[in-house]
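This is what each chain is made of:
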Amino acid sequence: MSILKDLFHYDGNGWWKIPKTSEADENPPHEHPFGGFVIKFKNFITFITSGKGHAGPVYYWVIAGILGVITLIEVWWFDVEALAYLLVPAMLGFSILKFILVVAFFMHLRFDHKMYSTVFVTCMIIGIIIFTLFLFLSAFHGFGN
Amino acid sequence: MANQGITVHHGEEINNSTGVSNKKLLMWAFLGSDVMFFGTFIGTFMAYRNKSLVGPYPADTLDIPITSVSTFVLLMSSLGIVLALHYLKESKMALAKLWLILVIVMGLIFIGFQVYEFSHFAHIGMTPQVNLFGSTFFTLTSLHGAHVSLGILWLIFLLYNEYNGNLTSENAIDLELAGLYWHFVDIVWIIIFGLLYLITAGDGVPPGGVPWTGGH
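Those protein sequence lines, which keep their order, are chains A and B. Residue numbering for the first sequence is 38 to 182, as defined by this note's numbering. Residue numbering for the second sequence is 259 to 474, as defined by this note's numbering.
Just so you know, these hints were derived from the structure itself, not from any lab. Please note that the accuracy of each hint is not assured.
As the list claims (entries may be wrong) - Pulled from the structure, derived: some chain A residues nowhere near chain B, Cβ distances all over 12 Å:
1) F74
2) V75
3) I76
4) K77
5) F78
6) K79
7) N80
8) F81
To be verified - Each computed SDA-like pair below joins lysine to any residue, with the alpha-carbon atoms no more than 25 Å apart:
9) B:K347 with A:R147
10) B:K281 with B:D432
11) B:K281 with A:I162
12) B:K281 with A:H150
13) B:K347 with B:N280
Stated by the list, open to error - If you want a taste of the chain A side facing chain B, the calculated C-beta under 8 Å gives, among others:
14) Y97
15) A101
16) G105
17) T108
18) V112
19) L129
20) F131
21) K135
22) V156
23) T159
24) M161
25) I163
26) G164
27) I165
28) F171
For each residue, glycine too, the CB sits at the ideal point set by N, CA and C.
Work out the full structure, taking the sequences as your base and the hints as a guide.
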């Protein structure tokens, strides 16, 4: 029992210093496996999306990098036959994700006045309704056959 | 910050009842109308998907590796325009000009890819009048190409103004509007690439269709 206590209870002297309980170390800084990485990453995402910090070139390069990686994944997915049955939902999902990234961050809608978003989103909803109606007409009336 | 009906947003003074830039609001309204415009054409393309009874079919024509490269170029041009705007707002004119030139070049490369693709299709016998796939494909992609071409002309005009000293950080809104238009053209291509190329590229002969025997 003494060995276990030595190993898993922080006594203030041992070189292992593994804080096991909140009693052993009040507010342990970063007890999870990734240390402070998760908290720092969350803070970074909050910072770049809150509009508090002015976006700089690095921020735009990061967004462009993400867009490039998504495009690579799209092309890779297209080539993998085993994933072909998921091609349509996957491509729709990737397209929507890229669309949101460009509109929100490159077009600055995430940080801009809500009136711009209202105008654009309203028109988009009408556009999606038109798009859906076309597909329904095609499916149930079979035009084009 | 509001002061007696005057709003200052991102360095731009706005003196109206809405508190937002009229120019920018009009641009967003235009882009909204363009969403409906392209939505109709993309919807038509999808509705007529797999309805062509004679070839060539998408599987015979679409070249995904080439289109992936042109898609990547257009995506990077979006990065270029946002950097050009950033540097213009910071009055770093040399960098702003450099990125604007790069965006124009990338736009021209994209159009070059489209010209190559269209001429290749025409060479193998795929034209707008040959079948439903050809009609809807050429209508949609050439309309998008026309948008890109207009965008390039707009950016050349702005670059000319920048060299003449007429485009500065004071009126960066002019480049911002062109940037919004350019990003929009980019997101339309994102949708076209996903739906029109990646999803339909595997479409072969539909039920009742005549197999395609080849081009000229």
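For each hint, the structure was consulted:
Listed as a non-interface residue, F74 of chain A keeps its Cβ farther than 12 Å from every Cβ of chain B; the least gap is roughly 26 Å. With a closest Cβ-Cβ approach of about 28 Å to chain B, V75 of chain A is found to remain outside the 12 Å limit, as its non-interface label requires. Taking the minimum C-beta to C-beta distance to chain B, about 29 Å, the non-interface status of I76 of chain A holds against the 12 Å cut. The Cβ of K77 of chain A sits about 25 Å from the closest Cβ of chain B, beyond the 12 Å cut-off, so the non-interface label holds.
Taking the minimum C-beta to C-beta distance to chain B, about 22 Å, the non-interface status of F78 of chain A holds against the 12 Å cut. With a least beta-carbon separation of about 25 Å from chain B, K79 of chain A lies farther than 12 Å from that chain, consistent with its non-interface assignment. Distance to chain B confirms N80 of chain A as a non-interface residue, since its nearest Cβ pair spans about 23 Å, more than 12 Å. Listed as a non-interface residue, F81 of chain A keeps its Cβ farther than 12 Å from every Cβ of chain B; the least gap is roughly 19 Å.
Note on K347 of chain B and R147 of chain A: the hinted pairing holds, with a Cα-Cα distance of about 19 Å set against a maximum of 25 Å. Proposed proximity of K281 of chain B and D432 of chain B is supported: the alpha carbons are some 9 Å apart, at most 25 Å. For a cut-off of 25 Å, the pair hint linking K281 of chain B to I162 of chain A stands: about 23 Å separates their Cα positions. Of the supplied pair hints, the one linking K281 of chain B and H150 of chain A holds, its CA atoms being roughly 13 Å apart against a limit of 25 Å.
For the proposed pair K347 of chain B and N280 of chain B, the alpha carbon gap of about 19 Å is at most 25 Å, so the pair holds. Checking Y97 of chain A against chain B: minimum C-beta separation of about 5 Å stays under 8 Å; hint holds. Restraint check, A101 of chain A versus chain B: the minimum CB separation of about 4 Å is within 8 Å; hint holds. Taking 8 Å as the C-beta cut-off, the interface hint given for G105 of chain A holds, the closest approach to chain B being about 6 Å.
Given the 8 Å rule on beta carbons, the hint for T108 of chain A holds: about 6 Å separates it from the nearest Cβ of chain B. A least Cβ separation of about 5 Å between V112 of chain A and chain B falls short of the 8 Å threshold, and the interface hint therefore holds. The interface hint given for L129 of chain A is met, as the beta carbon of that residue sits about 7 Å from the closest beta carbon of chain B, less than 8 Å. With its C-beta approaching chain B no nearer than about 6 Å, F131 of chain A sits inside the 8 Å limit, and its interface hint holds.
Taking 8 Å as the C-beta cut-off, the interface hint given for K135 of chain A holds, the closest approach to chain B being about 5 Å. At its closest, the beta carbon of V156 of chain A sits 5 Å from a beta carbon of chain B; the interface hint therefore holds under the 8 Å criterion. For T159 of chain A, the interface hint holds, the least distance from its beta-carbon to any beta-carbon of chain B being 7 Å, beneath 8 Å. Interface restraint check: M161 of chain A against chain B, minimum CB-CB distance 5 Å, threshold 8 Å, status holds.
Nearest Cβ of chain B to the Cβ of I163 of chain A: about 6 Å, under the 8 Å cut. The hint holds. Look at G164 of chain A: its Cβ gets to within about 3 Å of chain B, closer than 8 Å, so that hint holds up. Here the hint on I165 of chain A is kept, as its CB sits about 7 Å from the closest CB of chain B, short of 8 Å. Contact between F171 of chain A and chain B, as hinted, is supported at the beta carbon level, the nearest pair being about 3 Å apart and thus within 8 Å.
Hint compliance for this structure: no hint is broken.
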